[in-house]
Amino acid sequence: MVNSINEEFLISLKRGDEKSFQKLYEIYADRIYRFGYNFRRDEEFAENLVQETFIKVFQNIKSFKRCKRLKDPLKSWIYKIAKNHAFNELKKSKREQQIITEEQSYEKIPFNSSKNGITEKVIQKEQLKRVYDKLDLLSFKKRSTFILFFIEELTADEIAVIMKENRGSTLKRLQRLKEELQQSLSKEDI
Amino acid sequence: MNRIEENSLRDFGRDSEILEKLKDIKLSENSRSNIWNSIKSEIESKNDKNIFKNIMMYKPYFVIAVVIIFSFTTILFYKDGNSIPKNIINIKMGGTITPTKDTLFSLVKSTHKEEYVTLESGELDIFVIPTKKGESEKHFELETKDGFVVVKGTKFKVNVDRDGTTVSVTKGTVWVTPKGEGRKKIILTAGNSTHILPLSTFLKKNKEKGVKAYINKDYSIAKKMLEIYLLNQKDDFNIITILARVAEYEKRYDDAIKYYNRVLKGGSSIEKETAFVAIAVLLKNSNQKKRAEKMFLNYLKEYPKGIFKDDVRKELNKK
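As they're listed, the protein sequences go chains H and L.
Counting from 161, one number per residue, gives the positions in the first sequence under my numbering.
Counting from 411, one number per residue, gives the positions in the second sequence under my numbering.
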């Protein structure tokens, strides 16, 4: 399997070249933001996650080592940093989380709720909200796995590296997640 | 578990319209560049530290250079008949600036009529002699990361830290202008003080208060807070959508349409879709039925698989 990271690019990153970092940022900023946003539906949390992830990438790039079995080990490494930071942030304080949840409530419902037919029905559907509500009930590990596989489209191999486990465990969790989602939401809903 | 099972799991995700929509979430251009700037400054500060490390390699030479410069400066001051300068700085327009320990500031411009100072951190005690009769007007301006302080002649103190800028006036009058659009100017007289929040904190608080007011249906407060926020964060489409909804509740339909049009120009695909339908509904409610119908039809063309497609079709069938 051909490694998708260009060796020169990696060397320039390790040298601390700003242009290379900017390029890396252009590639991954949206992905990390999406990962963070889908975690908490909180823009500030997601933006902060992007910033902190890239600062950590910059600080630790010299210690980055290729994982030979992955096509793009740098991608998994960046997601791993983001996941660890998200985990630490979520762990910090339950009280803080409650405040943020309260603030988020408007973002969960991005649709117009005027008394007119269409928009009201849209709110009733709450398709997105149901998926998000389901995500809220999942443990950190399951939620990360769900987002990384179904939204970020990482492979089971890549997720296994991020979660520090073997591929079989990742696949088992994914299978259980699929079944849980199928139970709580019918196929049409999601 | 084999590869085929991974593929079947993948198909389960890809078949879902909602999961596909979750993939549309993107950083706004504004946030993208703001975050990059913060990261860049972090990179630059690390590079600066590296430069410092390099300097430390030449430490012995550095120490010798400092000793020479220090001796030379001391000799110069003794030659002029002065002692080694104290902390107090005399300014050309008349008055003094006294920094406390660990204060980082620059005298950017210093003339008999104008003085321009930037204060990055720490505290400055400032005394500016008032303009006398017959003298041309003096202008003293001090800038911090959070705002501007302008005086004609007075005695005051400015302190900057990560929580903001504090200005206390002992004598005269001081004009304080916080940085950012839509923030109020403050006029301080002797004995008064004020604290200016950093723009980012101010905006965060405004956003929080505005959103809470919106949730509590206090629309006038929500409008006031979020409009100021939006002046500074023009691409926050969530807030634009909230302001559109506030305008709707207050029956300012034209304003609501204007806000939704902004969302149409730059929001995420789901925000755009919502704005599209919201405009059509607003047009319908304002008795502009033909325009509303056209908008509904355009929606179906633009978003054949959109989340409102069934409702829009029902709406069109009613006619």
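It is possible that part of the hints are untrue.
What the hints assert, rightly or not - In silico DSS-like cross-links for lysine-lysine, where the CA-CA straight-line distance does not exceed 30 Å:
hint	chain 1	residue 1	chain 2	residue 2
1	L	K719	H	K338
2	L	K595	L	K543
3	H	K324	L	K433
What the hints assert, rightly or not - Restraint ranges, calculated between C-beta atoms of paired labels, are given here:
hint	chain 1	residue 1	chain 2	residue 2	range
4	L	S418	H	F247	22 to 30 Å
5	L	G592	H	K231	43 to 51 Å
6	L	S418	H	R226	42 to 50 Å
7	L	D628	H	D232	30 to 38 Å
8	H	E204	L	K675	31 to 39 Å
9	L	I478	H	K179	52 to 60 Å
10	H	E339	L	E660	18 to 26 Å
11	L	N708	H	R229	46 to 54 Å
12	L	R424	H	C227	24 to 32 Å
13	L	S418	H	E167	34 to 42 Å
14	H	K179	L	K668	36 to 44 Å
Quick caveat, the hints were computed from the structure, so don't treat them as lab data.
All of these numbers come straight from a predicted model, not from anything done at the bench.
We put the beta carbon where it would ideally sit given N, CA and C, even for glycine.
Q: Compare the structure with the hints numbered earlier in the document and write down the numbers of the violated ones, lowest to highest.
A: 6, 7, 8, 9 and 10
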